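Chains as they are written, first to last, in the working numbering: chain A, 1 to 379; chain B, 1 to 246.
In short, the hints are calculated from the structure, not lab data.
Values in this document were obtained by computation on a predicted structure and should not be read as measured data.
There could be a bad hint or two in this list.
The calculated lysine to aspartate or glutamate pairs, modelled on EDC-like cross-linking and capped at a C-alpha distance of 20 Å, are [unchecked claim]:
(1) B:Lys-141 x A:Glu-213
(2) B:Lys-141 x B:Glu-127
(3) B:Lys-141 x A:Glu-217
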Amino acid sequence: MRSQSLLRRIDGALIWPMVRKEFLQIRRDRLTLAMLIVIPAMYLVLFGYAVQSEVRHVPTVVYDESHTPESRHLVETMAQTQNFAIVGVVRSRQELATTIQLGRARAAIVVPPDFARSLKTGHVAHVQVIIDAADPMQSAAALSGARLAALVLPAKLDPASARHTPVIDVSVRPWYNPALRSSTYIVPGICGLLLTLSLGVIMAMAIVKEREEGTLEQLIVTPISKTSMLLGKMIPFVLIGYIQLTNVLILGKLFFNVPFRGSLLALYAIAGVFIAANLGVGLLISALSQTQNQAQQLATLMLIPSMLLSGFVFPREAMPVAAQWVGALVPLTYFLDATRGILLRGASFQALWRDVLVLSLMAAGTLALSINRFSKTAS
Amino acid sequence: MTDAISTQSLTRRFGTYMAVDKLDLQIPRGQVFGLLGPNGSGKTTTIRMLCGLLAPTSGAASVAGFDVLHDTDALRLHIGYMSQRFGLYPDLTVRENLRFYASLYGVSGSTGAARCDAVLHELGLIERASQLVGQLSGGWKQRVALACATAHKPPVLFLDEPTAGVDPAARRRFWQTIYTLAECGTTVIVTTHYMDEAERCQRIAFLSRGRLIAIGTPDEVTREFGQETIEDVFISLQRRDEGVLT
Ligand SMILES: Nc1ncnc2c1ncn2[C@@H]1O[C@H](COP(=O)(O)OP(=O)(O)OP(=O)(O)O)[C@@H](O)[C@H]1O
Ligand SMILES: [Mg+2]
Chain A
1 MRSQSLLRRI
11 DGALIWPMVR
21 KEFLQIRRDR
31 LTLAMLIVIP
41 AMYLVLFGYA
51 VQSEVRHVPT
61 VVYDESHTPE
71 SRHLVETMAQ
81 TQNFAIVGVV
91 RSRQELATTI
101 QLGRARAAIV
111 VPPDFARSLK
121 TGHVAHVQVI
131 IDAADPMQSA
141 AALSGARLAA
151 LVLPAKLDPA
161 SARHTPVIDV
171 SVRPWYNPAL
181 RSSTYIVPGI
191 CGLLLTLSLG
201 VIMAMAIVKE
211 REEGTLEQLI
221 VTPISKTSML
231 LGKMIPFVLI
241 GYIQLTNVLI
251 LGKLFFNVPF
261 RGSLLALYAI
271 AGVFIAANLG
281 VGLLISALSQ
291 TQNQAQQLAT
301 LMLIPSMLLS
311 GFVFPREAMP
321 VAAQWVGALV
331 PLTYFLDATR
341 GILLRGASFQ
351 ALWRDVLVLS
361 LMAAGTLALS
371 INRFSKTAS
Chain B
1 MTDAISTQSL
11 TRRFGTYMAV
21 DKLDLQIPRG
31 QVFGLLGPNG
41 SGKTTTIRML
51 CGLLAPTSGA
61 ASVAGFDVLH
71 DTDALRLHIG
81 YMSQRFGLYP
91 DLTVRENLRF
101 YASLYGVSGS
111 TGAARCDAVL
121 HELGLIERAS
131 QLVGQLSGGW
141 KQRVALACAT
151 AHKPPVLFLD
161 EPTAGVDPAA
171 RRRFWQTIYT
181 LAECGTTVIV
191 TTHYMDEAER
201 CQRIAFLSRG
211 RLIAIGTPDE
221 VTREFGQETI
231 EDVFISLQRR
241 DEGVLT
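Next up, chain A with everything else stripped away, as it sits in the complex (with noise of 0.2 Å):
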């Protein structure tokens, strides 16, 4: 009985050891080390460059069905943004559509006939702006001149009316790219990207490289138990993914000006579960290889859900139902939310408490599940 009681005391202490061990070998591995660092920079600066700088003058046609003084001082004040070149005036849909598709246009801005009527009656008065939006800098820019036309005209028509709610509405229709990305948009997935890419892959070759060199045997052997000697391996990845999450944010908010508008610490809660996860996703890889080829190739394998399903390229909402169901499986899928979440709308954790959740229950099944096949493989 005494024994069993020391035995548990030792094994709790047991995992610092462990951790320990980890930092010396991390600090000695200078590669992986600096790819700690420069992989987040390059990473922001392909992404995020390559959907960045301010575009204006997006080149618009008008469909103006209106033919009002209120309609032509709508577009006039779109026009004066700066965001919108107007590049012509189409006279049908069918039109529209054609001149979009053929690329001389980016963007089409429709007043329907009842504008100015529904201006004059005080009923909201609906404009729309289309946009192809495959281009995500250009849509970005409509969108915001749109909003910004929207929110100025009204006063300059009425300046009492100011007050109210907005009584234009834009509606903007995004076409090709239905999700918008931008910048900012991209900055939050990056994050999880490559938390996905670097975590699993580092957690498994950690643990695939002990079992190829003879170490893992030895480790089994010693008093220390499996749970508290995957843990103790997992705990440097945790502080190493939380240091690629803080070099992501900064880095995003220095060159990207990407906005905080929620609250860190939840942003930092929900992070520790999703690198939980993705270690969990590691382990279980390490658990199905036998050589670090083998664990090389089914992390490749697990990233490819990761990079196109979970919402980080293409939108979700576009996928058929199969593609979205294999999301669904992806860890990656709910951080983003997640972090769009918090760093763009501003939403509190409580607003979030469905991706917490399913990662919460993705992290605890990846481990359990590592450990448990972990021990027959032991055996």
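With the hints as your guide, set chain B with the ligands onto chain A.
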């Protein structure tokens, strides 16, 4: 006092291959016990079962009073294992490796540091303490592995070919260490392909194709087989074994 190691019909099969076949061994405490046999005769497999690394297919074994199958956790506190592949971290220094393994047995803090230094001195490793293990030659690595397996003063120590590739002077030193440990009450189970080392064991067991075919003091075994030396026994046994096959 019970034996340090006792096995009853310990058996391990890999597929249809009998790696260890109904092994019965009794090893008293404080003995230096040699496990001999040709390549693939089941020495490593036996040791791995006794360390709780490999589950026996059938049979039972207890080491230091703990059942290898059911009492694995307690067992691990009481054994040291130097594997044939000596599991050391090449990217850690000699001292870091030693401190790490010692701390996993609760030998940590300032007592751990003192103990590790003592072991480094004993094995002549102190000058190399800050060297990365990956940069050491094979024989030196072996010494580090021995240090790691003994830092926590285990009552039962398993050494799987500890002196393979070690120069004669270092081998002598190795054996001095082994005797010192045994005098302090450690039971040492050692495998080797060097017959001069076999002569130094208090008792030896011959394995062939997973079966125990001879056991006793080196003198007893030599006499039993009517040979001059252990090496002659080894070769004659192997010849007999091959003869049985063909
Ligand atoms: N994990 C395993 N899976 C399948 N077969 C195995 C496994 N481990 C060992 N064997 C087989 O069991 C037999 C005994 O191997 P073992 O390693 O115990 O021999 P040994 O006496 O230690 O040999 P050596 O002197 O070469 O170290 C060998 O034929 C080996 O191929
Ligand atoms: Mg062997």
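Original post:
Checking against the hints above, which ones are violated?
Top reply: none
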